[in-house]
Each structure stands twice: as structure tokens, then as C-alpha cells.
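Q: Now for the letters of each chain:
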Amino acid sequence: MMFKKSILSIGFAICMLVGCADSYHWTASHPSYSKAPYGGIAVTGLENAFVITRSSWFAKRLEIDKDSIQIKGTLHCRNTFEAEMRKSYGNLLVLPDSVNANSPEESLKLDERIFIKGHIPEQGVSLKDSAGNVPPVILILHEFIIGTDLKRENFFDYALIHNESGGIRKPDNVSAIFSYTLWDNLKQRPLFSAVDEIQQPITTYKLNNLTNLIQIAVQKIHKNLYAGVSK
Amino acid sequence: MKKLLVILMLLIAWASASEVYFDSRFTLWKDATILIWSLDGNSPVNAPEFCLSLRRNNSGIGDPKCRELGEWERDSIAMRYGSWLSNNLEKGLSSYYLRARHPGMAAKIQALEDNIVLFLAPQGKNIQVAVFDETAQEPKAAGVVKANTDKIALSDDIASTFFDKRTKRRLTKEERLKQQTEPDDLYKEVPNLKAWAGFGIGYSQAHFPLTPDNWTSSHTRSRVRNYRITKDSVSLWNFIDDADPFFSLYAGLTWHGFIGVEFMYRYSNRDMKTDNADTVYQELDHWNFGQHDIGLNVLFSLTYPINPWLSITPLAFLGFQYTFYNEDIDHKSDVKTPSRAYQHRVKFEDVYKGALLGVGGQFVFKKHYGVDLRIGLSSRGRDLYEAPSPDAGAAATTIGRFTLDCFVSLGFEYHWTL
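Just so you know, the sequences run in chain order A and B. If you're matching positions, the first sequence starts at 1 in our numbering and goes up one per residue. If you're matching positions, the second sequence starts at 1 in our numbering and goes up one per residue.
Note that these hints are calculated values from the structure, not bench results. Quantities reported herein were computed from a predicted structural model and do not represent experimental measurements. Cβ coordinates follow ideal geometry from the N, Cα and C atoms, glycine included. It is possible that some hints are incorrect.
Claimed, not checked - Each pair of labels, with its calculated beta carbon distance range:
(1) B:182 with A:163: 51 to 57 Å
(2) B:160 with A:186: 32 to 38 Å
(3) B:153 with A:103: 40 to 46 Å
(4) A:53 with B:104: 34 to 40 Å
(5) B:104 with A:67: 53 to 59 Å
(6) B:70 with A:40: 37 to 43 Å
(7) B:104 with A:160: 29 to 35 Å
(8) A:226 with B:179: 49 to 55 Å
(9) B:306 with A:160: 32 to 38 Å
(10) B:104 with A:38: 33 to 39 Å
(11) B:259 with A:158: 31 to 37 Å
What the hints assert, rightly or not - Quick list of in silico lysine to any residue cross-link-like pairs, SDA-like style, CA-CA up to 20 Å:
(12) A:187 with B:39
(13) A:109 with B:97
(14) A:35 with B:108
(15) B:178 with B:134
(16) A:187 with B:77
(17) A:223 with A:90
(18) A:35 with B:97
(19) B:108 with A:106
(20) A:187 with B:137
(21) A:187 with B:134
(22) B:231 with B:220
(23) A:187 with B:97
(24) B:125 with B:87
(25) A:187 with B:38
(26) A:220 with A:89
(27) A:187 with A:223
(28) A:187 with B:123
(29) A:128 with A:100
(30) A:60 with A:75
(31) A:187 with A:106
All chains, please: the whole structure from these sequences, using the hints.
A: Spelled out as C-alpha cells, the structure:
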């Protein structure tokens, strides 16, 4: 029996060494990320980041017309996000998407198989607000996908992105998958990047549940920005 | 005390004046072309002077050419990356974090061919230094040197810190093209079937190195009296010498570089361990046994190409063998009739069956010529699953019910792929 156990543990050790355990790194920190933003932060990307999948499902429950769910629903998300960010950061500066929209879309590596895609400002060019000020750190929200029973690996692991979900079934959770980068605007480098996932169990789904989902997301971002500081 | 501290601090400051953050050993060409890139077009070193510094500090550099990299100094993409680099070049950051992301900048670096770009940017009391070549979108080496208004001293400092290494001859255009298109020496497909044949010499003994002697000494110290009597007849080593060299012939095959079989034959000559105190042996001229082992091994192996002319294949093997003993005995020519004991001497079984287990490695040179090293265990015994006979109790004891030894062997092989 002992022999069998030791064989098993050796097997596990080999497995860990060659990396057949399927674990991802969902965050990446720059070695120079030494202090999380406190009090003040700028944020951009809010205008185009939010996407609601399964529009008819959400339209029915949120009592919004199906034609306008994308516009009204995402606007609601955006406003909630902004309001919740303001609670965490008293001095919040919201930059329009246009400041960063001209940067080419690039991928940012988090893990051997996980890449964030988004607009990343050019090296040597600082983003400016309308008054011409240069905010020191900017939270760039790349994507915020809201749907039912979504898994982030199906969106961000390049080996799985072509997987299609099997037939429609009754969903268990409303999910939010969001990717973001904390950008050092003075030195033009990504301080911290992450892909997060939230699962919210469904009982009855109303607009305040969606509000709550966004609030949880912002709190999670806030927490991760602290947790990501390089030791 | 204070003075000492000041001196110490000065010393530390002096020692840390030039500091290399990282250096990935870029190729420094003989007769190199160094392009000096400064952001404001106001280079802290003088290009011809820098060439002289290179020649002073590196005797192998030949006749280098140096000039300022005006085309990058005037280019907005390069300008932005340069100022970004100057802003981001910190101690402790690996080159990965200094990569040029802009495709235009990456293209510029790739188009350098075998020229070397030396980036210089003043930063307070230091000058930041970064070295680029065509092979990477990030600096190959970076660091700081102490700023100095004496341009010659500064050139010397940079040359001795970053360009003090062996040089390689610069390739011609044709050679570069050839190098780009020639196949990778280490690239090798695993052949479906690989075969080898070889011969070897080895040595086997009953006592395992690094184990207590008393595990085997009762067998190895035992002597045969009166042509047939020993303390214990379980092991053949009670009768014959265990520590002898052997000669082997073998041939094998590997499928897909992983699993293989090998047929082998071994021969060794074993002397009978007669007790010299026993006078009955006075009539004896010689008594020994030729030991023939025929076996079949299953091998598990993996091949690692080390360089174009050497590959190493560690392997493990497991197999079985049959052993036959061929008696060679004669009494002295002056003895007319040997004794009764001589006529009724010990008889070994016709055949012994055993197992082989071990590990080894094949070192294959130039794809064909192999040297093989192995260590392992081998056993010989009787078939355990004999039908029980009714008079088992009365039957004579089987000689050599279980014999174990260890071996080490060195083989010379020829390899080929099928």
C-alpha cells in the first residue's frame, strides 16, 4: 500500500514538473508595480467594453425592449461601474474611449496560453485628458462580457476559444468576464493586468441584480489592484 | 570613523559607477559597425574616438567603424521608443520588459543586419547604455556608466564594460544567406526503426558494491570439497567463481526512439572453487565451466541530441536469459584412473533460467558509432513452477536454485536506421 502511495506521489511530482496540471495565471504584474493607486485613478474604455450576450434572455428579465437592450443595458452597466469606482477612488477621472482608440490592438501575455487583447497606448506617448493633463495611472477596461454560465478560459485560452457550448439549457448563473490593465501613463507600461470572472446565482433576475454584478466586479478589481503589487 | 565611512561610500560609489543590468552575450563582430544612437543628436561620445576606445579595449575587434545613427535620431517612432527606453531602463528589469512594441520600431531593429546599435542617454550623473542587434526586439545588453565630460574616458568606460568580449568574424552576404537557409543541425526526426549491433566486455560479481559484504560472503567464500560438497547449494557461487570478466555480442532494435528489444549472448569462463586443503584434488589438472548466457531484453529509451555529432540515449532494460554451463575438466596426464569422487562429481542443471534488469546509456557519435555503458542485475535459477513430485522430499537438492549477480559492461556498437 505504501509502495502504491509513493508511486502515486512520484507521479504527481512528475506531473507538476512537466506541467500537465491545467492551471492558469489570470493576472500579471510588472516587476516595478510597487504601489497600488490610492485615492485617485483615471479610467478609460468604459464606452465600448460592455457587451451583453443572450440579449433576449436579459431583455425579458430586465424588462427592456429587445432592440435596445445592448444600448440601455450597457449604459446602465457603464453608469454603475463609474459610480462604484467613485466610491473606491474619490478622485476618479473618466477618460473617453477616444483617447486610446487610436492605439493599435495588441495582445498582452498573462500566461503561456492566456492573452488579453486590447488597445494599449504606444511607448513614449502619454494619454491626456481634455484639459491636457497627464493622469499618472489609468485603468484600461478592455472587455466586460455579461452572459449566462460563461467561463473565462473559453474566451481567453487560445486552445479553447473555438469551443462552442452545447445546446441551450436553463442557466444557473449570470456571469461577468472582464479584462483590464492598470497602465502607468508616465512610463507607458502595464503595471497590472488581469482577467476576472464572477458567477452570480440566478433566482429572479432584475435590474438591481445587474447593478449588483457590476458592483461586485468593481470591488474585485479594486481588491486585485492591491493584491497584484509585486513584492 | 566618519572619514572612513566617507571613503567607503566613495569606494562603493566608484565601484557602482558602471553597472550592467543584463547582458545576453550578443555577437560582437570583428570589424564591427557600431551605430551610436542618442536621443537629442548630441552624443555623449565622439564616434571616431569611440572606435579608438574599442580598439584599445578589445584587441580582437579589428578595424571597427563607428558613426552616429542620424536616421533614428530624426525618426519619430524611434524617438518615442528611445525616450520610453530611457524612462524605463531600471535595475532589476529584464530585457523582456524593454521590448519595442511598435511594429515600425521592430522593423527598424530587424533591418540592422549585422550592425550594432549603441543607445546612449544621459540620466543624472550616469549615462544609460543599451545595445541592440538584429536578433531581438529588446536590448541585448543594458546598464549605466558614470557620466564624464571627458569623452575619451567615457568611451573607454563603455567599451570596457559592454564590448570587452570575444569577437566573431563578420559573415559575407552569401554566408549570411546560406546560414539563414541551412537546416538546423540538431533538428532530427526520430526514426521509426533504429538498429544496432555490437560487442562488449564486462565484469560481473556476486557482491553488490556499497552493500554489506555478509550478504554474499557465505556463497563466495564457500569451497567445494571432494568434488561435490559445499555448505549450501542454493547459489552457483558456492561452486564456481562469481567475479569474472565476460565477453558479449548483442544486436537490438528501437521503435520510434522509445521501446526496443535486444538479443544478447554472453560468455565467461568460471573456475571451480576447489578447496586446496583437500588432497583428492591432487589428481586434478583443471576444472572450469564455460558460462553461456542467451537473453532477450526489452528496452525503454529516450534520445537527446546534444550536438550535431553526439546524441545520448539513456535506457532501462528488463529481460530474461537462459544460462548453460559447459564443463571443462581433466585430470593430470600421469593419473591413470581418477578417483571415485572425480567420477561422481557435482552436476549442474542442463539450463538455468533468469532475469536481467538494469540501466545504461548509449553515446552515439556521428550517428553511427556508439559506445554503450550499462549496469544491472542478472539472476539464474530453476523454474519455480515445477510440478510437485510425490517423492520431492527424497529428491536430491537442486544445485543453483537461485543465483544473483551484478554486472557492468562497456560495448562498442554500430548504429543504423531502417
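Q: Which hints from the list above does the structure break, by number from lowest to highest?
A: Hints 1, 5, 14, 21, 27 are the ones this structure does not satisfy, whereas the remaining hints hold.
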